[in-house]
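Use the sequences and the hints to build the structure in full.
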Amino acid sequence: MKLLRLVPDNTRFGFMRFRRVSFPLSALLSIVSVVTFLWLGMNVGIDFKGGTVVELQARGDRANIAQVRETASGLNLGDVEVQEFGSPREVILRVGLQEGGDAAQAQVVTKLRNAFEAAYEFRRVEVVGPRVSQELVQNGTIGVLLAIMVILVYLWFRYEWQFAVGAVIATMHDLVLTIGFYAVTQIQFDQTSIAAILTIIGYSLNDTVVVYDRVRELLRKYKKIGLHELLDLSMNSTLSRTVITSITAILALIALAIFGGDTIQGFCLAMLFGIVVGTYSSIFVAAPILIYLGVRVGEGVGAAAGNADKAINSGATK
Amino acid sequence: MFRQSTLKSVLIAFTLFFAAYVSLPTILGPDRMKAITGMLPSFLVPKGAIKLGLDLRGGVHVMLETDKAGLSRDLVRQLQEDVRRVLRTERVAPTGGIVAQSRGVSFRVTDAAARTRILPKIQELSVPVSNAVLGNTGQRSLEVIDLGDGLIQLVITDAELNERIRRAVDQSIEIFRRRIDPEGVKEPSIQRQGLDRIVVQVPGAQNSKEITDVLQPGKLEFRMVSEPGANPAEIETLPYTDEGGGTIQVERRVLVRGEDLTSAEPTFDQRTGEPVVSFRFNVKGAQAFAKVTTENVGKPFAIILDNKVISAPRIISPITQGQGQISGRFTVERANALSILLRSGALPASFTLVEERTVGAGLGADSIDAAVVASIVSLVAVSIFTLATYGVFGIIALVALTVNFMLLIALMALLGSTLTLPGIAGIVLTLAIAVDSNVLIYERIREEQAAGRSAISSLDSGFTRALATILDANITSFLASAILYLVGTGAVKGFAVTTSLGIATTIFTAFTLTRMMVAAWYRWFKPKSVPI
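If you're matching them up, the sequences are chains A and B in order. My numbering applies: residue 1 is where the first sequence begins, and numbers increase by one. My numbering applies: residue 1001 is where the second sequence begins, and numbers increase by one.
There may be inaccurate statements among the hints.
[As the list claims (entries may be wrong)] Pairs of lysine-lysine residues, derived as PhoX-like cross-links and limited to a Cα-Cα distance of at most 25 Å, are as follows:
| # | chain 1 | residue 1 | chain 2 | residue 2 |
| --- | --- | --- | --- | --- |
| 1 | B | Lys1209 | B | Lys1308 |
| 2 | B | Lys1528 | A | Lys2 |
| 3 | B | Lys1047 | A | Lys2 |
| 4 | B | Lys1219 | B | Lys1308 |
| 5 | B | Lys1008 | B | Lys1526 |
| 6 | B | Lys1308 | A | Lys49 |
| 7 | B | Lys1047 | B | Lys1186 |
| 8 | B | Lys1308 | A | Lys111 |
| 9 | A | Lys111 | B | Lys1209 |
| 10 | B | Lys1209 | A | Lys49 |
| 11 | B | Lys1299 | B | Lys1219 |
| 12 | B | Lys1209 | B | Lys1219 |
| 13 | B | Lys1219 | B | Lys1121 |
| 14 | B | Lys1034 | B | Lys1068 |
| 15 | B | Lys1068 | B | Lys1186 |
| 16 | B | Lys1291 | B | Lys1219 |
| 17 | B | Lys1034 | B | Lys1047 |
| 18 | A | Lys49 | A | Lys111 |
[Claimed, not checked] The following label-pair restraints were derived from C-beta to C-beta distances:
| # | chain 1 | residue 1 | chain 2 | residue 2 | range |
| --- | --- | --- | --- | --- | --- |
| 19 | A | Gln134 | B | Arg1178 | 51 to 57 Å |
| 20 | A | Arg5 | B | Thr1015 | 33 to 39 Å |
| 21 | B | Gly1070 | A | Glu135 | 51 to 57 Å |
| 22 | B | Arg1032 | A | Lys221 | 52 to 58 Å |
| 23 | B | Gly1070 | A | Phe23 | 55 to 61 Å |
| 24 | A | Leu145 | B | Glu1234 | 55 to 61 Å |
| 25 | A | Gln134 | B | Arg1329 | 48 to 54 Å |
| 26 | B | Phe1017 | A | Phe23 | 52 to 58 Å |
| 27 | A | Gly78 | B | Arg1073 | 36 to 42 Å |
| 28 | B | Thr1237 | A | Gly78 | 27 to 33 Å |
Derived from the structure by calculation, the hints contain no laboratory data. C-beta: ideal position from N, C-alpha, C; glycine also.
Shown next as structure tokens:
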């Protein structure tokens, strides 16, 4: 049987030379992300800004959106956003945070139920009060920062400092671009988005570590090749794995995004974007940046690491 | 490497068998499980399937927060009473009365002799704060400060306030349990979160109102409606919910309280047919009620629930039997909820709803269906891709993947974790991680072979070198998931659980099963080169 071979065996792509393109490209995308984020902002969900979301399903054939909008605006709840959701039978209502704290907030659902219960089934109700939403913002931010720090420390212990710094720069790059993705697409940013961001960070680092592992290995093996060439060799020898793994993840996520239902669609789209960006950044950001961070051939490899390498070699020849 | 010890193989086989056994209830579902249960002795039947989260099975999730300000107001009021009692017994009159403050009281006793006499008695009001967990905390409930110039201030300490909040929350949890699930069939989960919050989850509930209705304090009081010309200091104005609303003036003095009820049942008024709640007092309540109704025939009294007057009937004749009924234009549901409220006793504090998430059973079922379809499609897509890329080694990868999935389910069942929608996304993602470990191994083998090694040598060094990378790469992902678990709430936590468990099972299968299968394949075929 002829097996699928996505990356030919003797691929010699000049990844390092490509940095003249990839660095400006990354810089440009990062700037676009930051600008869009500052200009448009994100479509922040009620998890982080408080408010009420109600998903209704018409008991009849289809929802009468105009009528729902009219009834809702008569309830004195401030701005109510009414949208079709999924099928013509379903409507989603978003009500902003009420003045008068948690108590007023809790009244919103009662009012909506009285108004719509007869003609619509309440499929989903979410109410998040002002303080809870603040806490969720705090926890989310702390989580992302903590994750980056812990991983930085781990990589610093495991590798040399240049690798840790390179990995963190690549991760920040992915983080900025993902936030830009949320700003550009206006996909709702909620608790699951924090999960998506942390998973993207995890995936991107996973990819970076695989590439760095190879760089370290080759650094020990070839003391005479220049760093430029050595990095190219590392990228090319891991390229097949990088591509196959990304495709597997992308296949799984596309299935989830199409068939998994509206609730997790945004989550899956963000992850898809993140995996593409994470793969790109491992090859075109994390690796070339080592040139600037001063990793030198024959240096930056501790004695202990050298021994471990010997152990692996002797283990392999048994 | 390929001469694996028999003991190791047996251990691996045993682990897999055990995992398959534990995951049975989850994979088969309760109905098919029952069919098997009949054939086996009960101690052999594995228990505990993975629980479905509220987003998948439908239900109500609410988070409530104790009204701390209200609780501390109650404490201040009580303190005021205590101080007043001490001063009265010592026959000392404070200049300007006893002033309530936000966290304590103050009063002025200008006579130095009287002050030295009462100070020790006031000190006695401050008692050691004891705690259910720590026992005596070494802290006292009050701080008594002599501000000079005869002014004495009593401040309620943080330790005391927190202990009161803790106790109020604990008692309320018990009361909620009785109210939400009087028959003990709904499997609600009612838990404290932090110091002052309670999370209530009721699977299968459709309308949060049926839950929030019974989360009211339920403080019932009987007082007289004030008469014209009454002392303004002794009356207060409360909202009136009967007869078109408005407000009504009632006396501050409470005649009988809800604590003195022995029973409360929803019934119908015999004359009007309207839903009402009929109740019965204990001896103390009955005596007090008989006395009041005898003395006040012809006058209206107020039935007050949570500081709202729900009805104000006129006393037609003395009620001496200690029973009566509360009417207030109730619906049948409301009368039912109210009687549950009154039976279970009043909450020691009031609560505000700070978060609610309700998912209808229909949406939950739709989500499960969508998730199952999505999982199958992604599994098929990944399988085809893996087989096309690696051929026979692809089969080994898929077997490892299946085992991985089974181990994940077994672990979740053993840990009693809950499966949520993001959790399913996590499982699908785990699929990609698991395939990646095989990809790393196979690509390394391919490289080693391309470098001119023999089949056995390529396999050997391919495994050894790839495993180091797998470990490194997965530890970083695991750290990210672990942090997500720590900071995440609800459904997101479910995602963190499945991904971190998935990483653990991936490492396990890569190190044991995949290796074992490749070794078996090599021994069987003795190939000259690896077809990869």
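To see whether the hints hold, each was checked on the structure:
At roughly 19 Å between alpha-carbon atoms, Lys1209 (chain B) and Lys1308 (chain B) fall within 25 Å of each other, so this suggested pair holds. Simply put, Lys1528 (chain B) and Lys2 (chain A) have alpha-carbon atoms about 18 Å apart, close enough for the 25 Å limit, and the pair holds. Under the criterion of a C-alpha separation no larger than 25 Å, the hint pairing Lys1047 (chain B) with Lys2 (chain A) is inconsistent with the structure, at around 47 Å. Taking the CA atoms of Lys1219 (chain B) and Lys1308 (chain B), the gap is about 10 Å. The hint holds against a cut of 25 Å.
As the CA atoms of Lys1008 (chain B) and Lys1526 (chain B) are separated by approximately 23 Å, the hinted pair is consistent with the 25 Å bound. Taking the CA atoms of Lys1308 (chain B) and Lys49 (chain A), the gap is about 32 Å. The hint is violated against a cut of 25 Å. Among the hinted pairs, Lys1047 (chain B) with Lys1186 (chain B) is consistent with the structure: their alpha-carbon atoms are about 20 Å apart, no more than 25 Å. A distance of roughly 20 Å separates the Cα atoms of Lys1308 (chain B) and Lys111 (chain A); the hinted pair therefore holds under the 25 Å criterion.
Our distance criterion of 25 Å between C-alpha atoms is met by Lys111 (chain A) and Lys1209 (chain B), whose separation comes to about 11 Å. At roughly 23 Å between alpha-carbon atoms, Lys1209 (chain B) and Lys49 (chain A) fall within 25 Å of each other, so this suggested pair holds. Restraint check: the Cα-Cα separation between Lys1299 (chain B) and Lys1219 (chain B) comes to about 23 Å, which is no more than 25 Å; the hinted pair holds. A distance of roughly 19 Å separates the Cα atoms of Lys1209 (chain B) and Lys1219 (chain B); the hinted pair therefore holds under the 25 Å criterion.
At most 25 Å may separate the alpha-carbon atoms for a hinted pair to count; Lys1219 (chain B) and Lys1121 (chain B) exceed this at roughly 33 Å. At roughly 49 Å between alpha-carbon atoms, Lys1034 (chain B) and Lys1068 (chain B) are farther apart than 25 Å, so this suggested pair is violated. Proximity of Lys1068 (chain B) to Lys1186 (chain B) is assessed by CA-CA distance (about 30 Å); at most 25 Å being required, the pair is judged violated. With a C-alpha separation of about 22 Å, the suggested pairing of Lys1291 (chain B) with Lys1219 (chain B) holds against the 25 Å cut-off.
With a CA separation close to 11 Å, the supplied pair Lys1034 (chain B) and Lys1047 (chain B) stays within the 25 Å bound. In summary, the hint linking Lys49 (chain A) to Lys111 (chain A) is supported, as the alpha carbons are separated by about 21 Å, within the 25 Å threshold. Between Gln134 (chain A) and Arg1178 (chain B) the beta carbons are some 33 Å apart, a value that contradicts the proposed interval 51 to 57 Å. The hinted range of 33 to 39 Å is satisfied by Arg5 (chain A) and Thr1015 (chain B), whose Cβ atoms lie roughly 35 Å apart.
Distance hint check for Gly1070 (chain B) and Glu135 (chain A): the Cβ-Cβ separation is about 21 Å, which falls outside the suggested range of 51 to 57 Å. For the pair Arg1032 (chain B) and Lys221 (chain A), the supplied restraint of 52 to 58 Å holds, since their beta-carbon distance comes to about 56 Å. A hinted range of 55 to 61 Å holds for the C-beta pair Gly1070 (chain B) and Phe23 (chain A), which are about 60 Å apart. Remark: the range hint 55 to 61 Å for Leu145 (chain A) to Glu1234 (chain B) is upheld by a beta-carbon distance near 58 Å.
Between Gln134 (chain A) and Arg1329 (chain B) the Cβ separation comes to about 39 Å, which falls outside the hinted range of 48 to 54 Å. Take Phe1017 (chain B) and Phe23 (chain A): their Cβ atoms lie about 53 Å apart, and the range 52 to 58 Å holds. Judged by the Cβ atoms, the range 36 to 42 Å given for Gly78 (chain A) and Arg1073 (chain B) is violated: they are separated by roughly 31 Å. Our hint of 27 to 33 Å for Thr1237 (chain B) and Gly78 (chain A) holds, since their Cβ atoms are close to 30 Å apart.
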